[in-house]
Amino acid sequence: MSRIKRIDVLKNKLLLVSIVSLIFSFIFLFIFKFFFLFVGFLVLFIILLLYNFIKVTRKLYDVVGTRLMLFIIISVIFIFFLLLASLIQGSFRIIGEESLSELVFSSTWKPFSGEFGLFAVIVDTLIVTAISMLIAVPISLLSAIYIAEYAPKKFRNIVRPFIDVLAGVPSVVFGLCALLIFVPVVRDTIAPFFGNKISSGFSLFTASLILSIMVFPIIISLCLESFNSVPLALKEASLSVGATKWETVKKVIFRASGPGILSAIFLGFGRAFGETIAVAMVIGNQELIPKSLFGPGQTLASLIASTYTEVSSIPILASALIFVALILFIVVLIFNLLGYFVLRRASKRWKY
Amino acid sequence: MLASVFIVMGSLILIVAVITLNGVPSLSLEILTQTSEGGFYLGPGGGFLNAIIGSLLLALPATGLAFLFSIAIALYLQKDFLHPSFANFIRLCLDILWGVPSIVYGVFCLTIMIAVGMIGGSLLFGIIALTLLEIPIITRSIDESIKMVPTGLKESAYSLGSTKFETAVKVVRRQAMPGIIAGVLLGFGRGIGDAASILLTVGDSNYFPSSITDQTAALPTMILNLVSMPDQVVQNKAYAVAFILLVIVLLISIITRYLTKKSSKHIIK
Chain A
1 MSRIKRIDVL KNKLLLVSIV SLIFSFIFLF IFKFFFLFVG FLVLFIILLL YNFIKVTRKL
61 YDVVGTRLML FIIISVIFIF FLLLASLIQG SFRIIGEESL SELVFSSTWK PFSGEFGLFA
121 VIVDTLIVTA ISMLIAVPIS LLSAIYIAEY APKKFRNIVR PFIDVLAGVP SVVFGLCALL
181 IFVPVVRDTI APFFGNKISS GFSLFTASLI LSIMVFPIII SLCLESFNSV PLALKEASLS
241 VGATKWETVK KVIFRASGPG ILSAIFLGFG RAFGETIAVA MVIGNQELIP KSLFGPGQTL
301 ASLIASTYTE VSSIPILASA LIFVALILFI VVLIFNLLGY FVLRRASKRW KY
Chain B
1001 MLASVFIVMG SLILIVAVIT LNGVPSLSLE ILTQTSEGGF YLGPGGGFLN AIIGSLLLAL
1061 PATGLAFLFS IAIALYLQKD FLHPSFANFI RLCLDILWGV PSIVYGVFCL TIMIAVGMIG
1121 GSLLFGIIAL TLLEIPIITR SIDESIKMVP TGLKESAYSL GSTKFETAVK VVRRQAMPGI
1181 IAGVLLGFGR GIGDAASILL TVGDSNYFPS SITDQTAALP TMILNLVSMP DQVVQNKAYA
1241 VAFILLVIVL LISIITRYLT KKSSKHIIK
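Chains as they are written, first to last, in the working numbering: chain A, 1 to 352; chain B, 1001 to 1269.
Warning: the hint list may mix true and false statements.
[Stated by the list, open to error] Distance condition first, Cα-Cα at most 27 Å in a straight line; then the derived DSSO-like pairs of lysine-lysine:
1) B:Lys1170 x A:Lys59
2) B:Lys1261 x B:Lys1147
3) B:Lys1262 x A:Lys154
Don't read these hints as lab results, they were simulated from the structure. Just so we're clear, the structure is a prediction, and the values are computed from it rather than from any experiment.
The shape of chain B in the complex, shown without the other chains:
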């Protein structure tokens, strides 16, 4: 049993070690601060700043949109608003959406793109795909923490004369804050690292996107492009990109821990 625990822990250590050992040597200041114009895919030189910016431009709006949807859904799933059996049906739908492979969201956006006639991809469709991907993740996390809110707290808010909406937004939301922060950051982490949904929808570009209908580069798709190149020097750049991606994901995990600990100080037990 201990051996199997060590297999699980070891696989994470192995992944972090391999990416760090291979990624750090090809990392430099200029690779982080230049865009990939010119010979980035052909030899040494160039950088991937446009992919970092592109990934952030995809993941940040998507997380914001998904958060707005999710918090409304999760608050409405309480039994103050909805009959529990109907709420359970919606939870089942969201669970199914949670399990749907991200490539299906990509294909869904592809069908929209074909219908609209914009083949090639754009920032907009990437954001739509990521939003759809993140809604079930964030909702589930917020819903779990809202379930933990004690009924007494809500009842005392009602007894002071507050409306349902006020109770939900001012009392329940505040009490569920750790879960909300954890859910949003979890969704952001999934969004920034997911390759399958944006592979079909954002296309590729060597420059910064200037409008929402532009094609853009992103970190996960850039790794795929770099790996498929024959040149060894270029392939090594993929590990540098993966290292940055891994650092972002680890940072998010640390921030989540810190913020949930900090925000759970103020909740009433």
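Bound conformation, chain A alone:
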């Protein structure tokens, strides 16, 4: 009883405060000409007035809260399409001036003389990504299978934090380490070993090495997830008919979690494809078709990072860089969709 009374008293006071705030707002508007305070007090007045006359019930909280959440979720979907639309809209200008085939298949990138051929950069990107995946996939798969199936529990508890921390290391730190370790190693040891004596160390191969380290944690943690979701009964059935542990891994676990592995590789590919800073620091930043693996190059993402400073002097360069970002976005989109459909088809076919 007393609580209800207190609320009534409070509400009467609120009404008073709201009227006072209305008076204040007009004082500020007409006497001090201070527009912001006028608006502020007006908003306060409206809120207090609404609070006085609308009965705040749990039902109202429910409706308002749910609508607010729906609004937020729609706005994020809207951002997704806005991203795509603004990238397409921004690259209209460069597509208008140079034809699409010229952009993709010409290999001279000279922004100062108005030539924007991306062919060399695309080739470099594909090479770097392919090599880094060639290094990363076997190592990650083997370590994931070891951690999931062979390792004792104690060892597993030591390794997991390592993978989590490695996933969180900033890419600029990776780049710095590559600059300090991989560049000299490639220059002095690996390149001469393959018969290339003039390599500066800033090369496609160096970039691939650091990229492969960066995608380890992604592939490992996603593979671990899908290995752990293989039912125990499947493994036990395989072991009970006399298969060795390795045979079980190869023929049961790999096959049962195949789609999971594939989608992990797709995601790792997406990360390697779009990695910017670490690559830009060690790849040498020259838009050439590579003569050897140990020569300098440029990937799509690092192209943006290393040339954006000239945007203010060459206006059309901005449009060209937006076009590059559009390519990155679309490729990642395609790979994510591929991973999604592989997983969905597989989950329809195999049910256990």
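Guided by the hints, dock chain B onto chain A, whose structure is given.
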């Protein structure tokens, strides 16, 4: 197989060791407490306090904003609110956004900057880019832990007469607390370390930013600037900055572990 595990572990140890060995010698009290006015990029002297503050001013508001968005999205993705097929479509969109390279967010903000006419960058656009980057990361982590909330718990809340919103905010949110903490700190770690998205959007400055439209320095972009300088003394400062960045990231990882362990004490299994 064991060898490949050791390659993975070894690469982390190598990175931490290299940054520590190179970073600690050029670290001193004054480099941590001064701003980079004057000759920081030219020789000895000066510090990078403005970059630390700038990074925090970028990452903290971005994480806060991204958290508000993410928790609403993740709670709404439950099947109490949305039809599962539509929820899966939104999850697919978020997964695609999760995989989008961070430089694309930077370019997206660059297009906005060109449209608005503010070339050069500011704190505001850096925060927008980082928020966009962090939303999918945090949402995914919260969503995973909300999926684990037992249906019985929600049903008992409904049977006591609570509304959907009350159940989501008071019961499900509390039960998913470890995932929420882990997600927010993960997002913060990604945000503070990401260079590509803020490289195009925040510009550079030697002072503390005084308003939201000011240009600002940040730790990752400062490393890039320092490395490109010819002087060896200046280059060594990059390792000191990287060391601080690495310490922040490791601290976040430890805090995450501690807090998730602490908060998972109170959830109902």
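Against the structure, the hints come out as follows:
1. B:Lys1170 x A:Lys59: It holds: about 15 Å lies between the C-alpha atoms, which stays within 27 Å.
2. B:Lys1261 x B:Lys1147: Holds: lysine 1261 (chain B) and lysine 1147 (chain B) sit about 19 Å apart, inside 27 Å.
3. B:Lys1262 x A:Lys154: The hint holds at about 21 Å.
Taken one by one, the earlier hints all hold for this structure without exception.
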